[in-house]
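J.: Take a look at the letters that make up each chain.
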Amino acid sequence: MQLKHRQIAGLLSAATCSLLCTPAQAEEGEWDVDSAILYYAEDNDRVQAIEPVISGRKDLGDEEAVSFKLVIDSLTGASATGAVPSTQVQTFTTPSGDSTYTVAPNETPLDDTFLDTRVAFSMNWEKPLDRNNRRNYGFNVSREYDFTSISANALWQHDANQKNTTYSYGANLEFDQIDPVGGVPEPGSSMDDQMKGANSDSRNIIDLLFGVTQVIDRSSLFQINLSLSEADGYMTDPYKLVSVVDATSGEPIDQLFESRPDSRSRQSLYGKYKKTLGNDDVFTASYRYMTDDWGVDSNTFDFTYRLKFNQGYFLQPRLRLYDQSAADFYAYFLVDGESLPGDVSADYRLGEMEATTVGIKFGREYDQQHSWSFRLEQYVQTGESSPSEAIGQLRNQDLYPDVTAIIAQFNYSFVF
Amino acid sequence: MKARYQWLIVCLLLTTSACSSLGVKPWERDILSREDMLMDADALDLAFDEHIYFSKEASSGGQGFAGGGCGCN
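Keeping their order, the protein sequence lines are chains A and B. Heads up: the first sequence begins at 5 in my numbering, then just goes up one per residue. Heads up: the second sequence begins at 1119 in my numbering, then just goes up one per residue.
Simulated from the structure, these hints should not be mistaken for laboratory data. Backbone N, C-alpha and C fix where the C-beta goes; we use that ideal spot for every residue, glycine too. Zero decoy hints are in this set.
Between beta-carbon pairs, the in silico distance windows are:
id : chain 1 : residue 1 : chain 2 : residue 2 : range
1  : B       : 1144      : A       : 119       : 50 to 56 Å
2  : A       : 185       : B       : 1140      : 52 to 58 Å
3  : B       : 1144      : A       : 58        : 30 to 36 Å
4  : B       : 1140      : A       : 72        : 33 to 39 Å
5  : B       : 1145      : A       : 43        : 40 to 46 Å
6  : B       : 1144      : A       : 54        : 42 to 48 Å
7  : B       : 1145      : A       : 181       : 48 to 54 Å
8  : A       : 110       : B       : 1140      : 58 to 64 Å
Mimicking DSSO-like on lysine-lysine, the simulated pairs with C-alpha atoms at most 30 Å apart in a straight line are:
id : chain 1 : residue 1 : chain 2 : residue 2
9  : A       : 279       : A       : 131
10 : A       : 279       : A       : 167
11 : B       : 1143      : A       : 167
12 : A       : 131       : B       : 1143
13 : B       : 1143      : A       : 279
14 : B       : 1143      : A       : 62
15 : B       : 1143      : A       : 312
Work out the full structure: start from the sequences and follow the hints.
T.: Here you go:
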């Protein structure tokens, strides 16, 4: 009964937001360890990443636990700068300002000097206050050569209705510092002028989360979260460009550093439903609606179905569907002679797009002590390649190339 | 200001909508306590996904905090 009670507590404490809240399988004093390695590769020599991770959770007894997670990722490849293709060879200055690279005619400009290694560490402490209340504190730090992020969060959870309903109230404070290679570019200035100011800039983010998790019956439950996020400070990507093109030919005649608003307010509504079916199979469906004051509205649907087989084997197909509207200040390019907008970005991630992920996961759970799994997914992102505002030679160019990526991941979990 | 009131109303609805007729007795939680029925089952997958999709799309968070993310491309 004591074990069952801990499992129930594990369910409820994990029911909302902390990714570090792994289920309590380990006995008191033991470590529950999850490890994985991810390989992510985009086509056309774009971004590739290898990302090993290890996380551990130790049950300290009486429903108190500590956990940690360490992530290292190594990124290589080329990233789209936002500049448009041309019928001529184009020459760009690298972010450091020390050298140049060229882009062949009719090719999407990619910055192939992109190389990064990130180390991220997080810790969590969960402790019950009494029979129906728990608190959870977390701390995260992430460091890469041009970016540092530190955040701390607190979560309070309250059980009601014979522990069938859990209310969650959380807050997260984050501080990010950006140290762009070559300095912080003057937003809206020409790449040719290399107007770089301070060596670094920063932003602060406050997140609030309100959630309800409700048990429906013996085999199903759902969760609804409302999230609010306020960010203030440097939100611009210092490496992204916007082309200024000739009003007739459409040929780029200048490249400007992009400029984004210095604040962002986001709200999201998230729902998740889980149900066991048939032979202990598990169906999971989730939906997220997000909106922000940049003009981005998005919908995300995610479905998985875990098919159970003998001896602990399982197969889990997955489908994820995503769409977003463009930010108000998104533009494929600017036209020479027209007035410059206050903020502008040609970053494809802020454009109107749709994305689909299809994949499958296969694995085996031996017992409560260890398990392994492997997942393989394909991610395809599409946007409007031939927008109506294209002029001159741009009508013949792909102004929003598809991104196709392969995601492969191996997981191994054990207790010691 | 109006939008803020709308969110407040949604928030209040959330905290009052959990119906007391739903739920199970303590001895009926055998299925719900299974690891694959946890809301954060496959936690590392969720964390990887959050990182990947934050890097490729303009949205983040929902199940957890949105955060400011990284400088990734």
